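Student: Produce the entire structure from the sequences given, and follow the hints as far as they go.
Chain residues, written in single-letter form:
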Amino acid sequence: MIAAMLSEAWVAMGANRLRTFLTMLGMVIGVSAVILMLAIGQGAQQRVQASIASMGSNLFIILSGSVTSGGVRMGGGATPTLTLADAQALEELPSVVAVAPTSPGTAQIVYGSNNWSTQVSGTTPGFLIVRDWPLSSGAVFTESDIRSATRVALLGQTVATNLFGDEDPVGKTIRIKNSPYLVLGLLSAKGQSLDGRDQDDTVVVPVTTAQRKLFGSQFGGAVRFIMVQAESDEAMPAVERSMNELLRQRHRIREGADNDFSVRNLTALANTAAETAQVMSLMLGAIASVSLLVGGIGIMNIMLVSVTERTREIGIRMAIGARSRDILLQFLLEAIIISVIGCMIGVVLGVGGALLVGRFADMPVLITITPILMAFAVAASVGVFFGYYPARKAASMRPIDALRFQ
Amino acid sequence: MSSPPVIQIEHLFKEYQTDAGAVPVLKDVSLTVMPGEFVAIMGPSGSGKSTFMNILGCLDIPTSGSYLLNSRDVGKQSPDELAGLRNQVIGFVFQGFNLLPRASLEDNIALPLIYRGVERRERLARANEMLEKVGLGGYQRSHPNQISGGQQQRVAIARALVSRPKLILADEPTGNLDTHTSQEIMALFSELNERDGITVVLVTHENDIAAGARRLVRLADGRIVYDGKMSDAPPHVEMTP
Numbered sequence: 001m002i003a004a005m006l007s008e009a010w011v012a013m014g015a016n017r018l019r020t021f022l023t024m025l026g027m028v029i030g031v032s033a034v035i036l037m038l039a040i041g042q043g044a045q046q047r048v049q050a051s052i053a054s055m056g057s058n059l060f061i062i063l064s065g066s067v068t069s070g071g072v073r074m075g076g077g078a079t080p081t082l083t084l085a086d087a088q089a090l091e092e093l094p095s096v097v098a099v100a101p102t103s104p105g106t107a108q109i110v111y112g113s114n115n116w117s118t119q120v121s122g123t124t125p126g127f128l129i130v131r132d133w134p135l136s137s138g139a140v141f142t143e144s145d146i147r148s149a150t151r152v153a154l155l156g157q158t159v160a161t162n163l164f165g166d167e168d169p170v171g172k173t174i175r176i177k178n179s180p181y182l183v184l185g186l187l188s189a190k191g192q193s194l195d196g197r198d199q200d201d202t203v204v205v206p207v208t209t210a211q212r213k214l215f216g217s218q219f220g221g222a223v224r225f226i227m228v229q230a231e232s233d234e235a236m237p238a239v240e241r242s243m244n245e246l247l248r249q250r251h252r253i254r255e256g257a258d259n260d261f262s263v264r265n266l267t268a269l270a271n272t273a274a275e276t277a278q279v280m281s282l283m284l285g286a287i288a289s290v291s292l293l294v295g296g297i298g299i300m301n302i303m304l305v306s307v308t309e310r311t312r313e314i315g316i317r318m319a320i321g322a323r324s325r326d327i328l329l330q331f332l333l334e335a336i337i338i339s340v341i342g343c344m345i346g347v348v349l350g351v352g353g354a355l356l357v358g359r360f361a362d363m364p365v366l367i368t369i370t371p372i373l374m375a376f377a378v379a380a381s382v383g384v385f386f387g388y389y390p391a392r393k394a395a396s397m398r399p400i401d402a403l404r405f406q
Numbered sequence: 001m002s003s004p005p006v007i008q009i010e011h012l013f014k015e016y017q018t019d020a021g022a023v024p025v026l027k028d029v030s031l032t033v034m035p036g037e038f039v040a041i042m043g044p045s046g047s048g049k050s051t052f053m054n055i056l057g058c059l060d061i062p063t064s065g066s067y068l069l070n071s072r073d074v075g076k077q078s079p080d081e082l083a084g085l086r087n088q089v090i091g092f093v094f095q096g097f098n099l100l101p102r103a104s105l106e107d108n109i110a111l112p113l114i115y116r117g118v119e120r121r122e123r124l125a126r127a128n129e130m131l132e133k134v135g136l137g138g139y140q141r142s143h144p145n146q147i148s149g150g151q152q153q154r155v156a157i158a159r160a161l162v163s164r165p166k167l168i169l170a171d172e173p174t175g176n177l178d179t180h181t182s183q184e185i186m187a188l189f190s191e192l193n194e195r196d197g198i199t200v201v202l203v204t205h206e207n208d209i210a211a212g213a214r215r216l217v218r219l220a221d222g223r224i225v226y227d228g229k230m231s232d233a234p235p236h237v238e239m240t241p
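Here the protein sequences line up with chains A and B, keeping their order. Residue 127 in our numbering sits at position 127 of the first sequence; the count goes up by one each step and never skips. Residue 3 in our numbering sits at position 3 of the second sequence; the count goes up by one each step and never skips.
Relax, there's no trap hidden among the hints.
Which residues of chain A face chain B? A partial, calculated answer using Cβ under 8 Å:
| # | residue |
| --- | --- |
| 1 | Val11 |
| 2 | Ile316 |
| 3 | Met318 |
| 4 | Ile320 |
| 5 | Gly321 |
| 6 | Ala322 |
| 7 | Ile400 |
Simulated restraints, written as ranges between beta carbons of each label pair:
| # | chain 1 | residue 1 | chain 2 | residue 2 | range |
| --- | --- | --- | --- | --- | --- |
| 8 | A | Val340 | B | Thr179 | 49 to 57 Å |
| 9 | B | Ser231 | A | Tyr388 | 51 to 59 Å |
| 10 | B | Pro79 | A | Gln278 | 50 to 58 Å |
| 11 | A | Arg359 | B | Arg121 | 45 to 53 Å |
| 12 | B | Ala125 | A | Phe360 | 52 to 60 Å |
| 13 | A | Trp10 | B | Asp232 | 49 to 57 Å |
Calculated directly from the structure, the hints in this document are not laboratory data. Since the model is a prediction, treat every value here as computed from it, not as a measurement. Idealized CB from N, CA, C, for every residue including glycine.
Tutor: Quick look at the structure:
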């Protein structure tokens with residue numbers, strides 16, 4: 001019975017190919033739009049999440065200085081108020097996993113006939129923990145390197161490639177500002193940061209080496225910022241409170257006076273970015289869903305016309321013994337076939353389009369099975385939903401009226 | 001009189017509701033048709049013969065009165081049961097043939113069997129058997145617009161026959177055909193009636209077509225004014241008071 005009805009639906013659809021195609025087109029565009037948009041949205045979301053993960057988790061960054069001098073308020077980091085001693089004290093706080101006092105600067109680096117300008121960060125081994133950034137080869141410098149400010153360095157992948165090419169940099173000596181530095185280790189690849197910077201374009205040296213030998217510092221032991229990693233997301237508010245207390249106490253800031261440092265919760269910032277990406281993804285999906293809905297309305301429109309046109313046929317069928325539900329099923333099947341075939345074409349076009357965008361538009365796309373299944377389920381229900389009313393209209397005709405229709 | 005009547009109608013009334021009030025179309029019609037009869041229903045336009053035919057065919061329901069079709073009370077059947085009666089007890093033949101233009105002849109003929117759940121192989125076998133029977137063997141893959149009117153009506157008759165009905169209802173079956181073809185179609189009805197014992201009721205307004213039947217029922221103004229043997233019918237009785 002169903003097989004017979006399917007073949008009849010096929011014949012009916014074949015009888016007006018252009019119309020069937022145009023009806024289907026609504027569905028095709030709707031489904032492919034949903035799949036393409038979700039692939040782009042999820043791709044963006046994935047990129048943001050990867051960047052966040054590369055930044056390190058549960059991270060605070062404490063910037064030194066906003067001091068007021070003669071009524072002029074300086075920006076964050078204007079005065080180096082944070083010291084290595086502050087960092088050591090912060091490390092003692094409960095729920096703090098690692099601390100990385102950092103003094104960054106820019107320097108020209110030379111190896112052999114190659115040279116390269118990059119960011120040099122003076123920091124402690126805690127940096128690699130805080131940033132969740134393991135070495136790909138070699139070893140980290142130690143506390144004793146920091147105490148004695150030895151000239152050793154860890155290279156980021158980009159720097160290594162630019163200076164050494166295919167050569168293994170570990171154990172080689174590079175020159176930073178004309179002083180020789182021994183390359184102890186090679187950092188693993190990290191990729192782009194949230195703002196698109198190449199994180200691998202960096203060199204890490206002991207913080208004391210940076211302070212005393214590379215950039216110098218007006219105030220001994222001062223650092224630009226301190227990165228602090230908390231034990232867990234839940235511990236972050238408590239850690240933030242205790243850090244504030246500790247630093248105010250250490251910097252002898254009176255009750256009611258402004259902090260001479262500022263604490264930023266990077267995780268919260270990152271979460272906002274992730275949420276933004278997710279909202280964008282949802283919006284794209286929602287906009288595309290509208291076209292799916294429009295496609296469904298198109299099906300209903302054509303089915304209504306078709307029912308009117310075929311009133312006499314319905315009458316004939318009823319006269320020779322079709323029950324209401326046979327007629328209902330026949331028209332419903334036509335709507336479902338149109339929407340399902342349209343959906344299949346839409347999936348192919350959507351996935352194909354997403355692959356093309358991913359390859360040629362340099363946009364991250366992520367094709368997952370869920371939106372495809374969802375689009376399919378929605379398309380089928382759209383077919384049933386928008387096909388039902390016209391089918392019901394056909395099925396509820398009185399045979400005598402349908403037969404008389406000219 | 002061993003078997004029960006195919007059609008047993010008693011005191012049937014039918015009126016249509018219009019803006020001007022109820023318009024009576026059939027007034028106290030009673031008719032009994034036994035298996036194997038060949039009945040022609042005649043009457044001028046407006047005499048109610050089309051309405052009567054629609055009620056006989058379970059396409060329309062009477063306002064009052066009883067109608068037993070094959071011993072089943074039509075008035076008490078659900079719409080689905082009525083569809084079943086149309087499918088299995090009655091075979092319809094229309095003036096305008098009413099074939100599905102997009103379907104092949106064999107698919108047209110097999111259509112009633114789809115609604116009976118007969119599987120495809122048997123459907124097509126029976127459709128082709130019927131096509132042979134009406135003299136159109138070999139035309140199974142043709143479409144209705146490729147054959148003549150007379151041939152289309154033969155296909156329609158084959159479709160009516162395919163579900164092996166007890167009763168064939170033909171509403172002006174020759175109305176769209178020329179005289180020669182009309183005679184051929186009437187000969188086919190006679191053959192079905194005599195050889196296969198199928199009860200035939202046909203509506204016509206042409207005397208020479210009606211002459212092929214053995215019993216004549218004449219309607220005028222919603223009432224039966226003559227019911228008897230064709231051979232005994234008074235000639236030219238068009239408007240009896």
